[in-house]
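**Student:** The residues making up each chain are set out below.
2 protein chains.
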Amino acid sequence: MTSNKIREIALSHFAKNGYEGASLADISAEVGIKKQSIYNHFKGKDELFLTVFRDAAEREMQFTESYLLSGSKPLLKDLLYNFLHSYSKRYEQEDDTRFFLRMAFFPPVHLRGEVVEYSNKHLDTIGKLLEQHFVTAAHAGTIHPEVTAATASAAFIAVLDGMFVELLYGNMESAALRLNASWLVYWRGIRNN
Amino acid sequence: MTSNKIREIALSHFAKNGYEGASLADISAEVGIKKQSIYNHFKGKDELFLTVFRDAAEREMQFTESYLLSGSKPLLKDLLYNFLHSYSKRYEQEDDTRFFLRMAFFPPVHLRGEVVEYSNKHLDTIGKLLEQHFVTAAHAGTIHPEVTAATASAAFIAVLDGMFVELLYGNMESAALRLNASWLVYWRGIRNN
DNA sequence: AATAAACTGACGAACGTTCGTAAGGGAGGA
DNA sequence: TCCTCCCTTACGAACGTTCGTCAGTTTATT
Numbered sequence: 003m004t005s006n007k008i009r010e011i012a013l014s015h016f017a018k019n020g021y022e023g024a025s026l027a028d029i030s031a032e033v034g035i036k037k038q039s040i041y042n043h044f045k046g047k048d049e050l051f052l053t054v055f056r057d058a059a060e061r062e063m064q065f066t067e068s069y070l071l072s073g074s075k076p077l078l079k080d081l082l083y084n085f086l087h088s089y090s091k092r093y094e095q096e097d098d099t100r101f102f103l104r105m106a107f108f109p110p111v112h113l114r115g116e117v118v119e120y121s122n123k124h125l126d127t128i129g130k131l132l133e134q135h136f137v138t139a140a141h142a143g144t145i146h147p148e149v150t151a152a153t154a155s156a157a158f159i160a161v162l163d164g165m166f167v168e169l170l171y172g173n174m175e176s177a178a179l180r181l182n183a184s185w186l187v188y189w190r191g192i193r194n195n
Numbered sequence: 003m004t005s006n007k008i009r010e011i012a013l014s015h016f017a018k019n020g021y022e023g024a025s026l027a028d029i030s031a032e033v034g035i036k037k038q039s040i041y042n043h044f045k046g047k048d049e050l051f052l053t054v055f056r057d058a059a060e061r062e063m064q065f066t067e068s069y070l071l072s073g074s075k076p077l078l079k080d081l082l083y084n085f086l087h088s089y090s091k092r093y094e095q096e097d098d099t100r101f102f103l104r105m106a107f108f109p110p111v112h113l114r115g116e117v118v119e120y121s122n123k124h125l126d127t128i129g130k131l132l133e134q135h136f137v138t139a140a141h142a143g144t145i146h147p148e149v150t151a152a153t154a155s156a157a158f159i160a161v162l163d164g165m166f167v168e169l170l171y172g173n174m175e176s177a178a179l180r181l182n183a184s185w186l187v188y189w190r191g192i193r194n195n
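As given, the protein sequences belong to chains S and D, one line each in that order.
All residue numbers for the first sequence refer to the working numbering, where the first residue is 3 and numbers rise by one.
All residue numbers for the second sequence refer to the working numbering, where the first residue is 3 and numbers rise by one.
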């Protein structure tokens, strides 16, 4: 399906060059068609972008939920640690995450509203899913009483974002280094004993 | 001086819209001149951008050094905590930091080399300046022996970046909330006792 | 025969850039 | 003081290019 091919390639271009930096000419060239042919599948650049963005947002959401909704209840320590590593691997392999992250930070001005809405939804979901685990862990005494579930959750998302930054800015290796350091300090900071 | 006015306004436009999103027409209009007149002061868009970027990078560097080179040696806890808060306030008030951060993440493709070079220099400087304080603190027994100076430093920069993300993506209030959480967990994670 | 999806061709608008030109001010000599 | 030369800075007009978009036509599939 050409439409899907356009989606895929458009996503990679948006991720790499941003909305303004990505041109329909370049995208269509890589697809192997003329840029005018894109209009057989999408009304215009905006619709193409929003379609691609919504798809990516949904896949991000699904990944998160599939991880944090797990019926099995692993140890908090394992859950969090694996989540960080899975997400970093995901970032490395999937254009989705790079694209989603870049657009969440710097959306095209005239589509800002829609983009921000989806981004917030995603963050809220992560936050709520996490909080459940932290509350459970707090009751079980896994977390030090000085650290509330809300605090542990907020700090964890900060660790996640810090990892994203290093992935965006540095590379896999430097991100792994930072992740190890962040995780060591973070877990020491919230654990009980 | 018109040249400086161009610099200032160009910086704010680059910060808000990115390199491709900022047009010489918009910039010059806000300055109060025609876009052709910019060429009396700069060879072109690239030179304007690089000039502005180098200036911003230098000011960022100066801010960092003035803070972390302080001849007086405050307590590590105070130094770090105040640094985080000062930087968040700086981000709020200065276009410099927003601009620098955005361009470090997503530089214009054809100027990537130069931009990355300056960004790395800045990060290295922060890292080295921090490491000194952490080494000192480690010798003084302020930091828990399980946490090396390098680890504490890397984790702290991650906290800083996490704060940047929330500033970029959220707002001052949400950033303050996250900062409090991150800081509480971080300090618990590295302190001795 | 009908329909989807590719094509060619052209459009106005915006982009960064270059040209020649004119206004203004300071320096130096008559 | 006046005149001239030069330098700076602004301008209008236009450049070639690229942008996203629209209309009409051909090709391929069913």
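None of these hints come from the bench; they were simulated from the model.
There may be inaccurate statements among the hints.
Because identical chains share one entry, a pair is satisfied inside a single copy or across any pair of copies.
[What the hints assert, rightly or not] DSBU-like cross-link-like pairs, simulated, lysine-lysine; straight-line CA separation at most 30 Å: (1) LYS45 to LYS75; (2) LYS45 to LYS7; (3) LYS130 to LYS7; (4) LYS79 to LYS37; (5) LYS123 to LYS45; (6) LYS130 to LYS75; (7) LYS130 to LYS37; (8) LYS79 to LYS18; (9) LYS47 to LYS123; (10) LYS75 to LYS47; (11) LYS47 to LYS130; (12) LYS123 to LYS18; (13) LYS91 to LYS36.
**Student:** With reference to the structure, classify each hint as holding or not holding.
**Tutor:** Against the structure, the hints:
1. When the C-alpha separation of LYS45 and LYS75 is checked against a cutoff of 30 Å, the pair qualifies neither within a copy, at 45 Å, nor between copies, at 62 Å.
2. Taking the closest pair of Cα atoms, LYS45 and LYS7 come within 30 Å of each other only inside a single copy of the chain (16 Å); across copies the shortest separation is 40 Å, beyond that limit.
3. Taking CA atoms no more than 30 Å apart as the test, LYS130 paired with LYS7 passes in neither setting, with 34 Å inside one copy and 46 Å between copies.
4. For the identical chains of this complex, LYS79 and LYS37 are neighbours neither inside a copy (50 Å) nor across copies (57 Å), given an alpha-carbon limit of 30 Å.
5. Taking identical chains as interchangeable, the C-alpha atoms of LYS123 and LYS45 lie at most 30 Å apart only when both belong to the same chain, with a minimum of 26 Å there against 45 Å between chains.
6. In this assembly of identical chains, the alpha carbons of LYS130 and LYS75 lie at most 30 Å apart only when taken from the same copy (16 Å versus 41 Å across copies).
7. Taking CA atoms no more than 30 Å apart as the test, LYS130 paired with LYS37 passes in neither setting, with 42 Å inside one copy and 49 Å between copies.
8. For the identical chains of this complex, LYS79 and LYS18 are neighbours neither inside a copy (34 Å) nor across copies (39 Å), given an alpha-carbon limit of 30 Å.
9. Taking the shortest Cα distances, LYS47 and LYS123 sit within 30 Å of each other inside one copy (24 Å), while across copies they are farther apart (38 Å).
10. Neither within a single protomer nor between protomers do LYS75 and LYS47 lie at most 30 Å apart by alpha-carbon distance, with minima of 44 Å and 55 Å respectively.
11. When the C-alpha separation of LYS47 and LYS130 is checked against a cutoff of 30 Å, the pair qualifies neither within a copy, at 34 Å, nor between copies, at 45 Å.
12. Taking the shortest alpha-carbon separations for LYS123 and LYS18, both the intra-copy value of 24 Å and the inter-copy value of 23 Å come in at or below 30 Å.
13. Within a single copy, LYS91 and LYS36 get their C-alpha atoms no closer than 35 Å, and across copies no closer than 49 Å, so neither meets the 30 Å cut-off.
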